[in-house]
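Engineer: Chain residues, written in single-letter form:
2 protein chains.
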Amino acid sequence: MSDNIMIMKGNIIFTPTMGQFKVLENSYIVVKKKQVIGTYGELPSEYNGLPITDYGDHLIVPGFVDLHSHAPQFVNRGLGLDLELLPWLKKYTFFAEARFEDVSYAEEVYKQVVLELWQQGTTRVVLFGTIHTEATMKLMELLAQAGLGGCVGKVNMDRNSPEFLIETTEQSIDDTETFIKNTLDKYERVKPIITPRFVPSCTPELMMGLARLAKKYQVPIQSHLSENLDEIALVKKLHPECCNYASVYQKFELFGQQPTIMAHCVHSDELEQKLMEENSIYVAHCPYSNNNLSSGIAPIRSMINQGIAVGLGSDVSAGHEVSIAKVMAMAVQVSKLKWLDTKKEDRFLTIPEAFYLATKGGGSFFGKVGSFEEGYEFDALIIAERSLADSNQRSVEERLNRFIYIGDERDIVARYVAGEKIDRPEF
Amino acid sequence: MSDNIMIMKGNIIFTPTMGQFKVLENSYIVVKKKQVIGTYGELPSEYNGLPITDYGDHLIVPGFVDLHSHAPQFVNRGLGLDLELLPWLKKYTFFAEARFEDVSYAEEVYKQVVLELWQQGTTRVVLFGTIHTEATMKLMELLAQAGLGGCVGKVNMDRNSPEFLIETTEQSIDDTETFIKNTLDKYERVKPIITPRFVPSCTPELMMGLARLAKKYQVPIQSHLSENLDEIALVKKLHPECCNYASVYQKFELFGQQPTIMAHCVHSDELEQKLMEENSIYVAHCPYSNNNLSSGIAPIRSMINQGIAVGLGSDVSAGHEVSIAKVMAMAVQVSKLKWLDTKKEDRFLTIPEAFYLATKGGGSFFGKVGSFEEGYEFDALIIAERSLADSNQRSVEERLNRFIYIGDERDIVARYVAGEKIDRPEF
Numbered sequence: 011m012s013d014n015i016m017i018m019k020g021n022i023i024f025t026p027t028m029g030q031f032k033v034l035e036n037s038y039i040v041v042k043k044k045q046v047i048g049t050y051g052e053l054p055s056e057y058n059g060l061p062i063t064d065y066g067d068h069l070i071v072p073g074f075v076d077l078h079s080h081a082p083q084f085v086n087r088g089l090g091l092d093l094e095l096l097p098w099l100k101k102y103t104f105f106a107e108a109r110f111e112d113v114s115y116a117e118e119v120y121k122q123v124v125l126e127l128w129q130q131g132t133t134r135v136v137l138f139g140t141i142h143t144e145a146t147m148k149l150m151e152l153l154a155q156a157g158l159g160g161c162v163g164k165v166n167m168d169r170n171s172p173e174f175l176i177e178t179t180e181q182s183i184d185d186t187e188t189f190i191k192n193t194l195d196k197y198e199r200v201k202p203i204i205t206p207r208f209v210p211s212c213t214p215e216l217m218m219g220l221a222r223l224a225k226k227y228q229v230p231i232q233s234h235l236s237e238n239l240d241e242i243a244l245v246k247k248l249h250p251e252c253c254n255y256a257s258v259y260q261k262f263e264l265f266g267q268q269p270t271i272m273a274h275c276v277h278s279d280e281l282e283q284k285l286m287e288e289n290s291i292y293v294a295h296c297p298y299s300n301n302n303l304s305s306g307i308a309p310i311r312s313m314i315n316q317g318i319a320v321g322l323g324s325d326v327s328a329g330h331e332v333s334i335a336k337v338m339a340m341a342v343q344v345s346k347l348k349w350l351d352t353k354k355e356d357r358f359l360t361i362p363e364a365f366y367l368a369t370k371g372g373g374s375f376f377g378k379v380g381s382f383e384e385g386y387e388f389d390a391l392i393i394a395e396r397s398l399a400d401s402n403q404r405s406v407e408e409r410l411n412r413f414i415y416i417g418d419e420r421d422i423v424a425r426y427v428a429g430e431k432i433d434r435p436e437f
Numbered sequence: 011m012s013d014n015i016m017i018m019k020g021n022i023i024f025t026p027t028m029g030q031f032k033v034l035e036n037s038y039i040v041v042k043k044k045q046v047i048g049t050y051g052e053l054p055s056e057y058n059g060l061p062i063t064d065y066g067d068h069l070i071v072p073g074f075v076d077l078h079s080h081a082p083q084f085v086n087r088g089l090g091l092d093l094e095l096l097p098w099l100k101k102y103t104f105f106a107e108a109r110f111e112d113v114s115y116a117e118e119v120y121k122q123v124v125l126e127l128w129q130q131g132t133t134r135v136v137l138f139g140t141i142h143t144e145a146t147m148k149l150m151e152l153l154a155q156a157g158l159g160g161c162v163g164k165v166n167m168d169r170n171s172p173e174f175l176i177e178t179t180e181q182s183i184d185d186t187e188t189f190i191k192n193t194l195d196k197y198e199r200v201k202p203i204i205t206p207r208f209v210p211s212c213t214p215e216l217m218m219g220l221a222r223l224a225k226k227y228q229v230p231i232q233s234h235l236s237e238n239l240d241e242i243a244l245v246k247k248l249h250p251e252c253c254n255y256a257s258v259y260q261k262f263e264l265f266g267q268q269p270t271i272m273a274h275c276v277h278s279d280e281l282e283q284k285l286m287e288e289n290s291i292y293v294a295h296c297p298y299s300n301n302n303l304s305s306g307i308a309p310i311r312s313m314i315n316q317g318i319a320v321g322l323g324s325d326v327s328a329g330h331e332v333s334i335a336k337v338m339a340m341a342v343q344v345s346k347l348k349w350l351d352t353k354k355e356d357r358f359l360t361i362p363e364a365f366y367l368a369t370k371g372g373g374s375f376f377g378k379v380g381s382f383e384e385g386y387e388f389d390a391l392i393i394a395e396r397s398l399a400d401s402n403q404r405s406v407e408e409r410l411n412r413f414i415y416i417g418d419e420r421d422i423v424a425r426y427v428a429g430e431k432i433d434r435p436e437f
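Chains as they are written, first to last, in the working numbering: chain A, 11 to 437; chain B, 11 to 437.
If you are wondering where the hints come from, they were derived from the structure by calculation, not from laboratory data.
Which copy is meant is left open, because identical chains are indistinguishable; a pair holds if it fits in one copy or across any two.
Calculated pairs, EDC-like style, for lysine to aspartate or glutamate (alpha carbon to alpha carbon, straight line, at most 16 Å):
| no. | residue 1 | residue 2 |
| --- | --- | --- |
| 1 | 354 | 92 |
| 2 | 354 | 240 |
| 3 | 353 | 240 |
| 4 | 353 | 94 |
| 5 | 354 | 94 |
For clarity, every value in this text was computed on a predicted model and none was experimentally measured.
Chain A with its partners taken away, still in its complex shape:
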């Protein structure tokens, strides 16, 4: 019966429910193949005699889920952050992405991206590539090689885009179909996702074509929604027939017909939020990005209250932080400013709430991911505390708080994805 059983010991902490840490000190977690069997204060007798990986005083937490980031923009982190969305795209981002026509450049950058995700403890990630099919497939290959899980999209852009980064409608659809066919069953944990950049850069014909592909191949969808007021005005101008931004995606069947992530939703009002809830849309909350591009503070409490699924996103390179731990801290921080803005009506996010968003919240997009409950895929980080510790006694929860706020990748001593220990990628 020892076959495929893995037992780990340490200070286990996770969030089976939003806002509440479950803590098991000096306890056991039993994993069979890729799934959690259970967590136990005392090891059940049936497992006696099996080898135990003892992590001592270290913390064992679920791996972090990043629901929204742009792989080709990693090289631009920390650059060009004095602009808003549309000029920032034109001045920095489109140029950076155009270089990914060159697959060997793409490979060089994407190795850094995957290494950085691995370092920061991101075990599942949803990424935008570029319009370039080959480079985007390379990214998937590298992610799979590293053992990480995720969805990756070849980006679609056939209007309002610079001539060096635009496709014809037909080419865009054809390439996307090729991309899907080539990658749909290629890797166990890395899958394709339909990725219209955003409404301004996709014609109705393209959006309809992508919706057909999503349905035909049962592939999820990701895009951007209501990030910036100028962007929203542009969408309104392009689609005066739609009552709001979300309705455009809805009209073209890219809004929940397959599982769908929408990044940002900073300016989504009650009506738009209702549409999101009705269509089971996932929101990728990207507070670093929303600060850097002066987009604003997304109404996350309101969305949670509406029953909308929320996860966290780094949104590199509009967001400069890859670490989802740091994104949690920022989500809490901006929620406090939102709390003040709403005259203390929209309660701020607590740390266990943000932790939930970063693990089980976003993880549910991948199925049973982001928790240590029975049947969940075992994604985990083992966290030591390098130089953080002090001579005061701290609880497991306090130690996790401290890691979130002031820890970094040097504190993560091991990573697991779907039951598999993932070592530093050897690129």
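Go by the hints and put chain B onto chain A.
Structural biologist: Only chain B this time, still in chain A's reference frame:
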């Protein structure tokens, strides 16, 4: 003539004026004793033949100035951040500070504090200690031993404080005088500063006594101002005779009679700002802290427009980040939210503006500190770019931006304070 001359070569970048980087690529900086003689694209012939420290492609920037932090709270970083100011003080901070009655505990923690400041590139710092004279003198000794510069205050508290962290008025004044006498001329770059915690914890008698000491010994002053609405309401209740919070300090001559730093000033209105400007008050802007304790966003643009001197502060442990580079990034980020809040009236801080605040802005509190202009004390950081660099060509300014946003202490390869190279403290 080579006596006491030091020549360094590298990519020099600093902000002689607010908001404008001065960049000298592959250039020279000549330092005599502790002061900068000049920066040069070509080395003047008079220095020919003297040894040059060549930092190659590295950046040479002014050292960072932290105008406000609490040394005893370093062990609490990342803890207890789900509360506002007054309950946070009661539940976490006062207990942490009470331990500093024990000088050996203080020494252990303060060694970590000084090491962390050194690591993060903070070359000048203004610190709160605790009410304990001996522990606070130990902190000064350790700072001086490490070669850092700064002002350190023994904290005063004689009302509205827990019984385990309160003094009598007389004792508080006597201890402060002892503290000043013992430290005023003891170290070249580490000096005492008068430190009433804030109005709620200091009686009028104590404030008057401290003002007398400030005048008698010509010692600067630091405290907190208008951080939180409940705090402001409490001050109003304690001092109904004063029209605002600042007026209380003004009334008791702790508001610019000697050089004065006031931390936060989140809720300072036009009238209070006017009083600050008239009294040449320095504002320590602490955006991490103001987010974490839900204090709000300080009106920094408005203060700058009024001609008020502003520097940056980490405000550990209400702020969890020691790195002033990260504080710069956060100052920029929250200023963008303020920009939106003010309907784009209060322009957001640009990166060269935040850099100015973190160097020459705060540095001016110490005299000629924070720039590489002639006559400035040579405080500098040498910044390499560990793993940050990519294969794209980046300008010196872009590389500095990248360090600010995504670099960390591992990128700082050397530190200088007042012309002296400061190695890792050997505690």
